[in-house]
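The listed protein sequences derive, respectively, from chains H and P. Numbered by the UniProt record's numbering, the letters in the first sequence go through residues 1 to 321 in order. Numbered by the UniProt record's numbering, the letters in the second sequence go through residues 1 to 253 in order.
Hints in this document: simulated from the structure, not taken from any laboratory. C-beta atoms are modelled at their ideal positions from N, C-alpha and C, and glycine is treated no differently. Each hint should be verified, as a subset may be incorrect.
[Said to hold, decoys possible] Examples of chain P residues lying across from chain H (beta carbon under 10 Å, computed): (1) Asn-2; (2) Trp-3; (3) Arg-7; (4) Lys-11; (5) Phe-12; (6) Arg-19; (7) Phe-82; (8) Ile-89; (9) Glu-91; (10) Val-92; (11) Ser-94; (12) Val-97; (13) Gly-105; (14) Gly-248.
[Claimed, not checked] Non-contacting residues of chain H with respect to chain P, defined by C-beta distances greater than 12 Å in every case (computed): (15) Ala-113; (16) Lys-128; (17) Ser-136; (18) Val-185; (19) Leu-234; (20) Pro-235; (21) Pro-249; (22) Ala-273.
[Stated by the list, open to error] One side only, chain P facing chain H, incomplete, derived with CB under 7 Å: (23) Tyr-4; (24) Gly-5; (25) Ser-86; (26) Leu-93; (27) Ala-95; (28) Pro-96.
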Amino acid sequence: MEPIISVKGLGKTYAGGFTALKNVDLEIRRGEIFALLGPNGAGKTTLISIVCGIVNPSGGSIHAAGHDILRDFRQARSEIGLVPQELATDSFESVWATVNFSRGLFGKAPNPAYIEKLLRQLSLWEKKDSKIMALSGGMKRRVMIAKALSHEPSILFLDEPTAGVDVELRQDMWEMVRGLRESGVTIILTTHYIEEAEEMADRVGVINRGELVLVEDKNTLMQKMGEKELSLHLPEPLPGVPETLADLPLTLSDDGSQLVYRFDIKSSDTGIAELLRRLNEASIDFRDLHTRESSLEEIFVGLVRGARSESEEQLTKEAQE
Amino acid sequence: MNWYGIRAIYKFEMARTWRTLMQSIASPVLSTSLYFIVFGAAIGSRMGDIDGISYGAFIIPGLIMLSLLSESISNASFGIFFPKFSGTIYEVLSAPVSTFEIVAGYVGAAATKSMVLGCLILITARFFVDYEIVHPFWMLAFLVLTALTFSMFGFIIGVWADDFQKLQVIPLMVITPLTFLGGAFYSIDMLPEPWRTVTLFNPVVYLISGFRWAFYGVADVNVGISLGMTLLFLLLCMTGIWWIFRTGYRIKT
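Chain P with its partners taken away, still in its complex shape (with noise of 0.2 Å):
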């Protein structure tokens, strides 16, 4: 195993965050406040409570991981584009680094980058609302589990994507949207059918569901589903890798 290789890029990585701390860090956890301020005190002090929590509360989650998963996507699908970009990935490629120490490092640092965004969020959601994590060990394994598989599902659309356009596709036209229907600000139990049958092809619903649990208790879905649909996804993602590594596709010729 070539450590020093993984630490390598890792900590390549890590120092961009450093250099972009106003884009990487300060910039989601002031829009997320945002939110917090205003369906979380303004709005949601008028709203009633949902499955016995208050609204405030019942967002955080959801805010939590809108963050994560688009953090994760945008801070692992630039950290490999970029090299391909600039020519740089020369280097990678000739190195004596395997395709699972390239994703250690790359998906490593970008997943690690999301946790501790979505920690921050959580720090500063309490200066807004109250909130309890009932299940603490869930809570941190569903925040790593989804950060590591959105990070590679992150790293594939980098290695996918030809232009800064495409960079950006999947995570405003396809993430955003999925997570703000896939109950971010709302439990699915109060859609009307078919739309409540409709979300559940929504693999972001499980991802929400799942942490809510974590912090609740009380879940759309139930908590095993949740947690077998990260998995899958992770496993999806995993393939997905180990088919670019085999084939070169879009990184070797």
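With the rest of the complex left out, here is chain H (with noise of 0.2 Å):
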């Protein structure tokens, strides 16, 4: 199927010199829910700006829904929806207004009906009349959601969506990004949340320093790169790791209760059943065993920390040279 977004050896260079996206490739597939995570700074925003025609590129090619999103923007745009990190909102204005206004900006006819369902599944109905000055952080981040939303994009970007939310929002946000993927949608969202991609996402795209560091289907992802976690739960605490067991990735907690055991789950060797006899031979007992995969946190920060360390020994051997 062809992707409703494609991204091609796009490169951002801001007028200072900073280069802010190097050469990235990315695909995003009709109807999916694809998280970009990064650092501060990596290139997020600058991606989905330009993707939007807020910011200029500086080379490569972008097509969405099949437009080029330079020569046809027109078509591009009409189908692409941007609910932004920063609460902008014409405050003076009424909800009602402004998501009209955001339906007409965008080519679309007035169409109170479905304006009116869209105010109702974000529960805005009741603060349509409503100045948005008025209204609480959370009712704001809705209300960018329905101006989003206004014109029927068949792609929505997410930029942050629930940064600054409750729990019991952020939850809501997340049945309706489901209910709107459901209905057919694209979704592209970053976050800072890894529980949120975790939680949400088809497909994760790692960015640092401007560089696509990797996109992956997520659960493939977790089970790709995820190490195990054995913990081991002692009836009576130990000082340190015996010196028997030294030479195994074993730690100790804290308070001494639980070794933790580390492992691939790719390895066709998880090193469990060794560990179990040695331990039998140390005459080291346990009361409790479990085991836990790694989030995708973990991931997530084991690539960026990977990918630092990389650049730092290219630049240290192009410094020595």
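Assembling the complex is the task here: the two chains are given apart, and the hints tell you how they should meet.
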């Protein structure tokens, strides 16, 4: 199937010389939820802003729903909705007026029935006549989403959609995003909350220092790169890892009551049998054990650190030469 | 053409006028009325005619032009500056609207507001002084052209300004002095040389002169030159806006 967004060789260097994106290639599949992860300043917002037409690219090409975003900007942009990170709203406008303004701006004829349905879906109908400045932060966030959806886009960008919202609203947002996906909208979200990506995304992209480090199916990624931990709860605390077990990848919890063994789930020999045999030989008993897979957050941190040390190595090598 | 887009921007900007009616309409009408009372009715009654026109009537075109210029600039500059300031500009930039459509929406609304204001001042003037309009078509043409041109100029200022102070600098420090010295209250023929020649470098002279010609059929400079200067300034503003959107100056990074 043809991707709904295709990014090829995208680069962005700002006037001050800062390179925000380096030769980024990315394809977003129709109907998926794609999470773009990356530390602050990695280039996530720049990438989104270029696709949406807010920032000019320095090089490369982007197609949205088959339309070049520069040459066929009208067709491309009418397919895209954007919820930016900042709560940028027209404080003195009413909810009804601002959402209708957005629909008109995107070239759609007025459709009060659709706007009513949208506001009801987002629990904003009761507030339709309220001025935006009178709304809570969470409500304002919903207004931003309503504005982005007012022209019935097939692609929705959510830049840090749940930044600063409470847990309940976050859950509601996740529910709403899933609902949108079911209605056929492709969703691209950037987030700092890794659990958000873990909870919702079909695929994950990691961007760091303007480079796309990886794009992978979320489950495959967690399977491929995940580590597992085996925790052994000891009946009596230990002062340290016994010398006879020092060669194993074992750590002891601060209170000495848990031994943690890390192993690679991809490996044919996880070493668990060997660990248990040697614990028995050392007469170390345990009263409980459990295993845990590494989270997306741990994978993400590992990837970013890996990329950082690689580039530092490269710099050191270049300096030595 | 994204007509709905133009309409959305236009309606949004006009809605702001209705929300701020005192500031947008009542305040400029009141301050211009004070000019009519002081210079037209009070002092004007003790002054002689200029070019056969009573002083009160003579200053009407200049006073309308003063309001037209300052309101066109302030409406259009605030219209584009505020979305930049509040961050809502992202929506306009990401919408399927062309440069022309964005400018048509913002400048169209700003020009409409200042033209309505100009007409209100004209009606208000009738309460204080008698006047006639010899060339109503050209009066309207100068009104529309000046409102459009200076709304575009205001749009450029709004894009250029990165704080509220800069937004006020050009209207207060440049436009108001140029209007006062551009023959709003006197005929430039009353000036001695070399000031008369120096005044001809003031572009507002041509706007006021042309507008006054439309009212009374008399002008400080040839009406063709006035029209040409107005069109030239319009062209310059259009070029400036075209350049802004081509380069993304202070709008896009």
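Now for the hints, and whether the structure bears them out:
The criterion of a C-beta within 10 Å of any C-beta in chain H is met by Asn-2 of chain P, whose closest approach is roughly 4 Å, and the hint holds. The restraint placing Trp-3 of chain P at the interface with chain H holds, with a minimum CB-CB distance near 8 Å, inside the 10 Å limit. Nearest Cβ of chain H to the Cβ of Arg-7 of chain P: about 6 Å, under the 10 Å cut. The hint holds. The beta carbon of Lys-11 of chain P is positioned within 10 Å of a beta carbon in chain H (closest approach about 8 Å), and the interface hint is therefore held.
Satisfaction of the interface hint for Phe-12 of chain P is found here, the shortest Cβ-Cβ separation to chain H being roughly 5 Å, below the 10 Å cut-off. Given hint, Arg-19 of chain P at the interface with chain H, holds; its Cβ is 6 Å from that chain's nearest Cβ, closer than 10 Å. Evaluation of the Phe-82 of chain P hint against chain H yields a held restraint, the C-beta minimum of about 9 Å falling below 10 Å. Evaluation of the Ile-89 of chain P hint against chain H yields a held restraint, the C-beta minimum of about 8 Å falling below 10 Å.
Restraint check, Glu-91 of chain P versus chain H: the minimum CB separation of about 6 Å is within 10 Å; hint holds. With a cut of 10 Å, the hint placing Val-92 of chain P at the interface with chain H holds, because the nearest CB-to-CB distance is about 7 Å. At a threshold of 10 Å, the smallest CB-CB gap from Ser-94 of chain P to chain H is about 4 Å, leaving the interface hint in force. With a least beta-carbon distance of about 7 Å to chain H, the hint placing Val-97 of chain P at the interface is held under the 10 Å criterion.
For Gly-105 of chain P, the shortest C-beta to C-beta distance to chain H is roughly 9 Å, which falls under 10 Å, so the interface hint holds. The interface hint given for Gly-248 of chain P is met, as the beta carbon of that residue sits about 6 Å from the closest beta carbon of chain H, less than 10 Å. With 12 Å as the threshold on Cβ separation, the claim that Ala-113 of chain H sits away from chain P holds: the shortest Cβ distance comes to roughly 17 Å. Distance check on Lys-128 of chain H: its Cβ is at least 16 Å (rounded) from any Cβ of chain P, clearing the 12 Å threshold; non-interface status holds.
With a least CB separation of 18 Å from chain P, Ser-136 of chain H remains clear of the 12 Å interface cut-off, as annotated. No beta-carbon of chain P comes within 12 Å of the beta-carbon of Val-185 of chain H; the shortest separation is about 16 Å. Distance check for Leu-234 of chain H against chain P: the nearest CB is about 55 Å away, which clears 12 Å, and the non-interface claim stands. Listed as outside the interface, Pro-235 of chain H is consistent with that label: its C-beta sits roughly 59 Å from the nearest C-beta of chain P, beyond the 12 Å cut-off.
Pro-249 of chain H, annotated as away from the interface, keeps every beta carbon of chain P farther than 12 Å; the closest lies near 47 Å. Distance check on Ala-273 of chain H: its Cβ is at least 58 Å (rounded) from any Cβ of chain P, clearing the 12 Å threshold; non-interface status holds. A distance limit of 7 Å between C-beta atoms decides the matter here; for Tyr-4 of chain P the minimum to chain H is near 5 Å, and the interface restraint holds. This hint holds: Gly-5 of chain P has a C-beta 5 Å from the nearest C-beta of chain H, less than the 7 Å allowed.
Hint status for Ser-86 of chain P relative to chain H: holds, with the closest Cβ pair at about 6 Å, below 7 Å. With its C-beta approaching chain H no nearer than about 5 Å, Leu-93 of chain P sits inside the 7 Å limit, and its interface hint holds. The closest approach between the C-beta of Ala-95 of chain P and any C-beta of chain H is roughly 4 Å, which is under the 7 Å cut-off, so the hint is satisfied. For Pro-96 of chain P, the shortest C-beta to C-beta distance to chain H is roughly 4 Å, which falls under 7 Å, so the interface hint holds.
Going down the numbered hints, you'll see the structure goes against none, and every one checks out.
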